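Visitor: Read top to bottom, the protein sequences are chains S and Y.
Numbering of the first sequence is given in this note's numbering, commencing with residue 37 and proceeding in unit increments.
Numbering of the second sequence is given in this note's numbering, commencing with residue 11 and proceeding in unit increments.
Hint data in this document are derived by calculation from the structure and do not stem from the laboratory.
Warning: the hint list may mix true and false statements.
List of simulated lysine-lysine pairs, DSSO-like, C-alpha gap at most 27 Å [what the hints assert, rightly or not]: (1) S:Lys-235 - Y:Lys-42; (2) Y:Lys-152 - S:Lys-235; (3) S:Lys-57 - S:Lys-398; (4) Y:Lys-104 - S:Lys-257; (5) Y:Lys-61 - S:Lys-500; (6) S:Lys-319 - S:Lys-257; (7) S:Lys-235 - Y:Lys-140; (8) S:Lys-57 - Y:Lys-38; (9) S:Lys-57 - Y:Lys-152; (10) S:Lys-319 - S:Lys-51; (11) S:Lys-319 - S:Lys-334; (12) Y:Lys-140 - S:Lys-73; (13) Y:Lys-28 - S:Lys-51; (14) Y:Lys-61 - Y:Lys-152; (15) Y:Lys-38 - S:Lys-500; (16) S:Lys-500 - Y:Lys-28; (17) Y:Lys-67 - S:Lys-235; (18) Y:Lys-38 - S:Lys-235; (19) S:Lys-232 - Y:Lys-38; (20) S:Lys-57 - Y:Lys-28; (21) Y:Lys-28 - Y:Lys-42; (22) Y:Lys-152 - Y:Lys-38; (23) Y:Lys-28 - Y:Lys-38; (24) Y:Lys-38 - Y:Lys-174; (25) S:Lys-257 - Y:Lys-174; (26) S:Lys-51 - Y:Lys-42; (27) S:Lys-398 - S:Lys-257; (28) Y:Lys-69 - Y:Lys-174; (29) S:Lys-51 - S:Lys-334; (30) S:Lys-232 - Y:Lys-152.
Keep in mind that this is a model prediction, so the values were computed, not measured.
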Amino acid sequence: MSKTYEYVKEPALIKGNHDFKSITALITDINMRPTPKGWYIAFGLANILLFVLLFAIGYLVWEGTGIWGLNAPVGWGWAIINFVWWVGIGHAGTLISAILFLFRQDWRTAINRFAEAMTIFAVMCAGIFPAIHVGRIWVIYWVFPIPNQMAMWPNFNSPLLWDVFAVGTYFTVSLLFWYVGLVPDFATLRDRMQSKIGKVLYGTFALGWRGSNRHWWNYEKAYMILAGLATPLVLSVHTIVSFDFAVSLIPGWHTTIFPPYFVAGAVFSGFAMVLSLMIICRKIYGLEDIMTIDHMEKMNIILMITGTMVGFAYLMEFFMAWYSGVEYEKAIFILRAAGPYAWAYWIMISCNVISPQFFWSKNLRRNVTFTFIISIIVNIGMWFERFVITVTSLSTDFLPSSWGYFSPTFWDIITYVGTFGLFFTFFLLFLRFMPMVAVAELKGVMPQADPHNYDENGEYHTPKVEVPEPQNESV
Amino acid sequence: MSESTLNNNLYGVLAEFKNPKELIDAAKLVNKNGYRQFDTFSPFPIHGMDKAMSIPKSKLGWIVVSHGLIGLTGALSMIYYMMVYDYPINISGKTLLNIPAWIPVAFELTILLSAFGAVFGMFFLNGLPKLNHPLFSSENFKKATNDGFFVCIESEDPLFESEKVQNLLSEAGATNIEEIYDV
């Protein structure tokens, strides 16, 4: 072989001929333009769904959890499935904002803002389910260590209580992280707004930010520390969610593979959701210069890797069930693939394991329509993964005489559908009133931002890439 | 400080630069000339600006560590108080001091308090939130959050003399030099 290696050029993060000013305009003009008609239509639809959710919750509180399809062996149904699904979706936002930040993946700046927004709204949707599942929602404050007239405390040995702290902390830290990133961009909007009310509102949220480099110094430190804190946090959250299952003794749940398996699945579904949202937003708001095909390709690679990890976990579960020699463990996995819920199992396998394998092809990775379809399929598949885990283990447990088949009711379905109303109501408000790309961070990764790319006279030159000479002709 | 400066409530001299490179050079020059009460403004953090301005190391790390430790010890002592001291429940004779089961909550509260320390500590160190600032009176300064790069030498600096400062900044290549008043 004569040619040993070839230099792969890093694609530019921002396409087109942009300077700082045009980047500011491209993103913040979206917030300053009059509200488009299409937004009102979308917002109206989201609002209708939101009211469906409120109605479903209202009836649940009135009537009790009996309105759901839960039965004697299957005490956990759609509520827990939806909870795990929504929390999982949230994980991609933190992965993009924290873990990719620590790994210096500058391409994250194009998508981190709305991935973080997605995280926050997804965790809000998730939090609803365990809260309403307690049945007597008016005593939900019992989960917090608040002194009360019974002089009792929550049980800190219980994974369900760990979950309260994990999800609560996750939501709070994600919100703070998001807000810290938004402050400089709120200041940009404050300085660009013409209307008095806009100036006052954005000015209030900008907290008087003025781009001082003495401030940036602390700010960058804080951002770095937050990324460092959010990284173990995001891994711990889905670990603790998986403890809800793994710490019990139910066959198919009581396994040590659950924490890493859940985290990989969470990142998998979250990236799929980010892709679905990104593909729509970049088209509608004309952000193709910022959210480029290269971004999509990188995300598709992550989708493929995490999808394969999830597939590996499915295989390992089978292996461990056989290797453990436990009758019930073996039985539950055979029942998953061939029992009453085999249809759900094979939907899960085809959506999660098979569909991301298409991304081995570079052409498909860079195909927008195809990526969009796969991202939707993956989210469906990940919902079925949680369905399979939750329902199959419960419906066919230790004693065949107590087996039962779970079917959802009308109320199960509209509660789940309603959470999309909550999600999209907030997401549309976010798109309308907040800069959907982190403007300050994006400018920071432009080649124009690096003082080294200027000569002595202060003229900008595109950085030249030095291609190293091959050391040997053949290796 | 000259008489007129005192009477006029002069806050400082603001000068605009074209790009990050000129700003960093200007910051080095101002720093070398012995000014300490000055600041630079840019729409994004600029690599190497901390050295150019000789900004001391941020104290934020200490704030975060102390908050994290409060979170950790606070969580463990809270759980100990609730599960062992105040209302011990005997569950099939299992130990009350069940430390492994406390790790998730202790971990989460450590992270939570550390994050509070990082965010609120950062705003505290930066003196934010601030309702107004003399620099906001400059119309040109609005560019600082868009595509403008600014240096401001404050009148509180012992070496400050408006004329001298303006000459220094214009030699450094500044445009739009203006005096900012604290009204």
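Visitor: Find the hints from earlier in the document that the structure breaks and name them by number, from lowest to highest.
Guide: 1, 3, 4, 6, 12, 17, 18, 19, 25, 26, 27, 28
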